[in-house]
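If you read the sequences in order, they're chains A and B.
Take 20 as the starting number for the first sequence in this note's numbering and just add one per residue.
Take 20 as the starting number for the second sequence in this note's numbering and just add one per residue.
Worth double-checking, as some hints may not be accurate.
[Unchecked claim] Derived, one-sided and incomplete: chain B residues facing chain A with beta-carbon distance under 10 Å: (1) Tyr51; (2) Tyr88; (3) Pro94; (4) Leu97; (5) Ala113; (6) Val115; (7) Leu127; (8) Glu139; (9) Leu151; (10) Tyr155; (11) Leu324; (12) Glu459.
[Claimed, not checked] With a Cα cut of at most 20 Å, we get these calculated DMTMM-like pairs of lysine to aspartate or glutamate: (13) B:Lys80 - A:Asp150; (14) A:Lys81 - B:Glu69; (15) B:Lys432 - B:Asp454; (16) B:Lys493 - B:Asp222; (17) A:Lys80 - B:Glu69; (18) B:Lys166 - A:Glu124; (19) B:Lys126 - A:Glu165; (20) B:Lys45 - A:Asp150; (21) A:Lys126 - B:Glu120; (22) A:Lys72 - B:Glu74.
[Claimed, not checked] Listing some non-contacts, in silico: residues in chain B with all C-beta distances to chain A over 12 Å: (23) Ala227; (24) Gly254; (25) Phe388.
Hints are computed from structural coordinates only; laboratory data are not their basis.
Note that beta-carbon positions come from the ideal geometry of N, C-alpha and C, so glycine has one too.
Number of protein chains: 2
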Amino acid sequence: MGKNFVKDITEMEDDFAQWYTDVVTKAELIDYSSVRGSMIIRPYGFSLWENIKSELDQQIKKTGHENVYMPLFIPESLLQKEKDHIEGFAPEVAWVTHGGEEELEEKLCVRPTSEVLFGEHFKNIIHSYRDLPKLYNQWANVVRWEKTTRPFLRTLEFLWQEGHTCHETDEEAHEETIKMINVYAELCENILAIPVVKGKKTDKEKFAGAKYTYTIESLMHDGKALQSGTSHHLGDGFANAFGIQFTNRGGNLQYVQQTSWGFTTRIIGAMIMVHGDNRGLVIPPKVAPTQVIIIPIAQHKEGVLDFAYDLKRSLAKTVRVDIDASDKKPGWKFNEYEMKGIPLRLEVGPKEIDKNQVVLVRRDTGEKFFVKLEGLRNNLEKLLDDIQTNLFARAKDHLLKNSQEAVSFEQFKSDLEAHSGFIKAMWCGGRDCEDKIKEETGATSRCIPFEQQSLSTTCIYCTKPAKHMVYWAKAY
Amino acid sequence: MGKNFVKDITEMEDDFAQWYTDVVTKAELIDYSSVRGSMIIRPYGFSLWENIKSELDQQIKKTGHENVYMPLFIPESLLQKEKDHIEGFAPEVAWVTHGGEEELEEKLCVRPTSEVLFGEHFKNIIHSYRDLPKLYNQWANVVRWEKTTRPFLRTLEFLWQEGHTCHETDEEAHEETIKMINVYAELCENILAIPVVKGKKTDKEKFAGAKYTYTIESLMHDGKALQSGTSHHLGDGFANAFGIQFTNRGGNLQYVQQTSWGFTTRIIGAMIMVHGDNRGLVIPPKVAPTQVIIIPIAQHKEGVLDFAYDLKRSLAKTVRVDIDASDKKPGWKFNEYEMKGIPLRLEVGPKEIDKNQVVLVRRDTGEKFFVKLEGLRNNLEKLLDDIQTNLFARAKDHLLKNSQEAVSFEQFKSDLEAHSGFIKAMWCGGRDCEDKIKEETGATSRCIPFEQQSLSTTCIYCTKPAKHMVYWAKAY
Numbered sequence: 020m021g022k023n024f025v026k027d028i029t030e031m032e033d034d035f036a037q038w039y040t041d042v043v044t045k046a047e048l049i050d051y052s053s054v055r056g057s058m059i060i061r062p063y064g065f066s067l068w069e070n071i072k073s074e075l076d077q078q079i080k081k082t083g084h085e086n087v088y089m090p091l092f093i094p095e096s097l098l099q100k101e102k103d104h105i106e107g108f109a110p111e112v113a114w115v116t117h118g119g120e121e122e123l124e125e126k127l128c129v130r131p132t133s134e135v136l137f138g139e140h141f142k143n144i145i146h147s148y149r150d151l152p153k154l155y156n157q158w159a160n161v162v163r164w165e166k167t168t169r170p171f172l173r174t175l176e177f178l179w180q181e182g183h184t185c186h187e188t189d190e191e192a193h194e195e196t197i198k199m200i201n202v203y204a205e206l207c208e209n210i211l212a213i214p215v216v217k218g219k220k221t222d223k224e225k226f227a228g229a230k231y232t233y234t235i236e237s238l239m240h241d242g243k244a245l246q247s248g249t250s251h252h253l254g255d256g257f258a259n260a261f262g263i264q265f266t267n268r269g270g271n272l273q274y275v276q277q278t279s280w281g282f283t284t285r286i287i288g289a290m291i292m293v294h295g296d297n298r299g300l301v302i303p304p305k306v307a308p309t310q311v312i313i314i315p316i317a318q319h320k321e322g323v324l325d326f327a328y329d330l331k332r333s334l335a336k337t338v339r340v341d342i343d344a345s346d347k348k349p350g351w352k353f354n355e356y357e358m359k360g361i362p363l364r365l366e367v368g369p370k371e372i373d374k375n376q377v378v379l380v381r382r383d384t385g386e387k388f389f390v391k392l393e394g395l396r397n398n399l400e401k402l403l404d405d406i407q408t409n410l411f412a413r414a415k416d417h418l419l420k421n422s423q424e425a426v427s428f429e430q431f432k433s434d435l436e437a438h439s440g441f442i443k444a445m446w447c448g449g450r451d452c453e454d455k456i457k458e459e460t461g462a463t464s465r466c467i468p469f470e471q472q473s474l475s476t477t478c479i480y481c482t483k484p485a486k487h488m489v490y491w492a493k494a495y
Numbered sequence: 020m021g022k023n024f025v026k027d028i029t030e031m032e033d034d035f036a037q038w039y040t041d042v043v044t045k046a047e048l049i050d051y052s053s054v055r056g057s058m059i060i061r062p063y064g065f066s067l068w069e070n071i072k073s074e075l076d077q078q079i080k081k082t083g084h085e086n087v088y089m090p091l092f093i094p095e096s097l098l099q100k101e102k103d104h105i106e107g108f109a110p111e112v113a114w115v116t117h118g119g120e121e122e123l124e125e126k127l128c129v130r131p132t133s134e135v136l137f138g139e140h141f142k143n144i145i146h147s148y149r150d151l152p153k154l155y156n157q158w159a160n161v162v163r164w165e166k167t168t169r170p171f172l173r174t175l176e177f178l179w180q181e182g183h184t185c186h187e188t189d190e191e192a193h194e195e196t197i198k199m200i201n202v203y204a205e206l207c208e209n210i211l212a213i214p215v216v217k218g219k220k221t222d223k224e225k226f227a228g229a230k231y232t233y234t235i236e237s238l239m240h241d242g243k244a245l246q247s248g249t250s251h252h253l254g255d256g257f258a259n260a261f262g263i264q265f266t267n268r269g270g271n272l273q274y275v276q277q278t279s280w281g282f283t284t285r286i287i288g289a290m291i292m293v294h295g296d297n298r299g300l301v302i303p304p305k306v307a308p309t310q311v312i313i314i315p316i317a318q319h320k321e322g323v324l325d326f327a328y329d330l331k332r333s334l335a336k337t338v339r340v341d342i343d344a345s346d347k348k349p350g351w352k353f354n355e356y357e358m359k360g361i362p363l364r365l366e367v368g369p370k371e372i373d374k375n376q377v378v379l380v381r382r383d384t385g386e387k388f389f390v391k392l393e394g395l396r397n398n399l400e401k402l403l404d405d406i407q408t409n410l411f412a413r414a415k416d417h418l419l420k421n422s423q424e425a426v427s428f429e430q431f432k433s434d435l436e437a438h439s440g441f442i443k444a445m446w447c448g449g450r451d452c453e454d455k456i457k458e459e460t461g462a463t464s465r466c467i468p469f470e471q472q473s474l475s476t477t478c479i480y481c482t483k484p485a486k487h488m489v490y491w492a493k494a495y
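In isolation and in its complexed conformation, chain A is listed as follows (with noise of 0.2 Å):
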């Protein structure tokens, strides 16, 4: 890796948020525009959305619920019939207050997520308990009106689904919420190779007008923490609120209990700060667009060319390859391709042609390989699993090396200061807690993790006696 092809990226360790949005424009998978907020996702970012997309939805399929649409707009009226919803979503949304060039009788927010569309519908279609369970999803873009805005983290605009379910009974509501944001667990660590900590929100940081919310926590390069889906049980809430009844078993009208659960454009944000290093891009050869690129060398030379676009066509068979036969020179290529982060390059020149070999080069470790042609197919998915694994063990690693335990409050404090990442520690379940030690520190709950490890017997901030451990971090 010569140093002559260093990319011009500020370096993570100097600035990290500059190395972000070097990354994000350089590796083309964002463009800015004037409207402030939102981004432009460029084809290669969204060709890496597709994937994500496409291995959800058959997830979500598979688990038995059935993609709908909603309307954009919802009047306000609706949006305020729940209303600890509407207290935390009023201050976020956009209002549509004109339409043609007429003013509105009633105003119409751009939904920021769309239970209250569900309530309505459900209400509509909901009658018995034969009507049940009902899984729905949708693929759609929300707006929340964020001040500071990032590519993927924080978009005024984003783009994700939100699953919404009606259940007969609490238990069966609380199993299908958990059952999601495994299905959230398994997608970050099986194909996007980000390890996750599985747990419930503290009732501070649940969502509005939930019962419970659990999130998957993953840790960013830098060490900080990112909220990487959620899953939440809303109890009855919303069912009282639009009045969706149904009769049960025994006869009588009783309100349904629901879930909904989103997943988004985020985590594109959070492949890239785990996964990325100094020269760019890493993506994991699951959900890579293009998995191999091959780079011929001396391609003006007879057979090469040839030889290249055989070798891509035979290979197109197992593997997501790509050719780059322009008139760049290789050094810019492989630039290129390393900042985009496509796990294999192929080099292949006449002198290789000769040997009856190509040269592989990992992405993730920079190791190079001189491969003979024959089983050369073999090798490629060999590598391609190898990438995969090392990418998810070096993250995991990541993790547990900075996840820090701490029994008193000035060790919290010192650890945090010395290293980000998670903070374990016990806490008394009191908001007050939770409040001062985000003041004093600026970490924040990220979850009551599901694996609960018993630290101390007394709260990290109060030393009243602990109810739970606790991962605390600052976020994105």
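Keeping the supplied structure of chain A fixed, place chain B upon it in accordance with the hints.
Relative to the frame of chain A, chain B by itself:
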């Protein structure tokens, strides 16, 4: 088809508009909500759209286009850059004037189409002829502030894809425009079994900001036409407005030539109105979410349900098959799946099991077949092919029978009164005649078809020399 199973829907001959509304709601394609003019696309409706989208997306990618995603909002100043475009769209856009608790300095419109966003982006990323062509597409929701709306046909918000491309030459842009109108036509004819007339829009009917517009026009069961897809050559109008220039092969700065093209959820309305009948929807097999519905008969009898489920598992390898083993009566189920337009019904009960056969009923013709289990799969595939072919042939026959030729304006008017449908008639090319024809008959120019005929030498209205043969019709 016993009358006892006739559904509670209006007959199309009595009130076609009411028939349409009955069908879209009773077949559970859509639901209404408190959002005026918007619709909820329910699972069955959305799975139709997913199938259409998947077919079209494949063709869009196969023809070299890449998917991207642009912002939902357009600042007023950006929308105003191209004069014809803003004039065309300003009367029908929704305006966001407030974000969170603050009033915006510049109002934002919710995209009615995205030419201006692409224009701004293209300016950023195109510098040299080496950057061309740029072949982009986006799947998105758009909003047009319509006064009167109908599900799928005309809604405040709809789903679509919009292609946006940049080229070096006028000729290349022209070829792209033709290529994409052909992609739409093939999708309509080969997948949706909707025959179309391909042609050019008159200047009056072309897209706001385009040099010219190609269109495909289809004919509904009630004789009204429906514009089913359009492809625009934008020339260099947007390029001038946005300054999209590149260094050409001769080393000089030059404006790009652009195209845009779109296909929407409207096509679902066309599919309903072309194939549907008084028992409900009729869905072409190639796009049907369920191609075969298994209805167990006397399902309480031993072995029936096991047999039916085994059959489902075995058939699922080659067709999209579902089973309804609910405790509703078979007659109700027949009703329901006829309403939903499932191409084939498969009945199996004790008698059939004894005889090692099943009963198949075609949705399009009502024909009933007794088919041995051996060879059932081949028979199903053949029948589904036949249904697809028959639906297209039937619709094509309807289109041809309802395309009259008129050589005098008197004949034009009396033909239109006698039979709704297309009227082919010569036209001088003058805007005045086009306006007058609309005013006096309600028919608009649908297109100047690629396949021209010379019906006479004079304009049907002014009797001056004719330039083109035009398809005229009342239209959705």
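Here's how the hints hold up against the structure:
Proximity of B:Tyr51 to chain A holds as hinted, the smallest CB-CB distance being about 8 Å (cut-off 10 Å). Taking 10 Å as the C-beta contact cut-off toward chain A, the hint placing B:Tyr88 at the interface holds, the least distance being around 4 Å. Here the hint on B:Pro94 is kept, as its CB sits about 6 Å from the closest CB of chain A, short of 10 Å. For B:Leu97, the interface hint holds, the least distance from its beta-carbon to any beta-carbon of chain A being 6 Å, beneath 10 Å.
Because the smallest distance between the Cβ of B:Ala113 and any Cβ of chain A comes to about 5 Å, under 10 Å, the interface hint for this residue holds. For B:Val115, the interface hint holds, since its Cβ comes within 10 Å of a Cβ in chain A; the closest pair sits about 5 Å apart. Interface hint at B:Leu127: satisfied, since its Cβ lies 7 Å from the closest Cβ of chain A, which is below the 10 Å cut-off. At about 6 Å, the closest approach between the beta carbon of B:Glu139 and any beta carbon in chain A falls short of 10 Å, and the interface hint on this residue holds.
Taken as an interface hint, B:Leu151 does not check out: its beta carbon lies about 14 Å from the nearest beta carbon of chain A, beyond 10 Å. Because the beta carbon of B:Tyr155 sits about 7 Å from the nearest beta carbon in chain A, less than 10 Å, this interface hint is met. At its closest, the beta carbon of B:Leu324 sits 18 Å from a beta carbon of chain A; the interface hint therefore is violated under the 10 Å criterion. Interface hint status for B:Glu459: violated, as the beta-carbon distance to the closest one in chain A is roughly 28 Å, over 10 Å.
Distance restraint check for B:Lys80 and A:Asp150: the Cα-Cα separation of roughly 39 Å exceeds the 20 Å cut-off, and the hinted pair is therefore not satisfied. Only pairs whose Cα atoms come within 20 Å are accepted, and A:Lys81 paired with B:Glu69 is accepted, the gap being roughly 16 Å. Straight-line distance between C-alpha atoms of B:Lys432 and B:Asp454 comes to about 15 Å, which keeps the hinted pair within the 20 Å bound. In summary, the hint linking B:Lys493 to B:Asp222 is supported, as the alpha carbons are separated by about 18 Å, within the 20 Å threshold.
Distance check on the hinted pair: A:Lys80 and B:Glu69 sit about 13 Å apart at the alpha-carbon level, within 20 Å; holds. Distance restraint check for B:Lys166 and A:Glu124: the Cα-Cα separation of roughly 14 Å lies within the 20 Å cut-off, and the hinted pair is therefore satisfied. Only pairs whose Cα atoms come within 20 Å are accepted, and B:Lys126 paired with A:Glu165 is accepted, the gap being roughly 16 Å. Between the alpha carbons of B:Lys45 and A:Asp150 the distance comes to roughly 16 Å, so the proposed pair stays at or under 20 Å and holds.
Straight-line distance between C-alpha atoms of A:Lys126 and B:Glu120 comes to about 13 Å, which keeps the hinted pair within the 20 Å bound. At most 20 Å may separate the alpha-carbon atoms for a hinted pair to count; A:Lys72 and B:Glu74 meet this at roughly 17 Å. At roughly 15 Å, the least C-beta separation between B:Ala227 and chain A is larger than 12 Å, which holds for a residue marked as non-interface. For B:Gly254, the shortest C-beta to C-beta distance to chain A comes to about 23 Å, beyond the 12 Å cut-off, and the non-interface label holds.
With a cut of 12 Å on Cβ distances, B:Phe388 stays outside the contact zone with chain A, its closest approach being about 31 Å.
Consistency with the previously given hints fails for numbers 9, 11, 12 and 13, ordered from lowest to highest.
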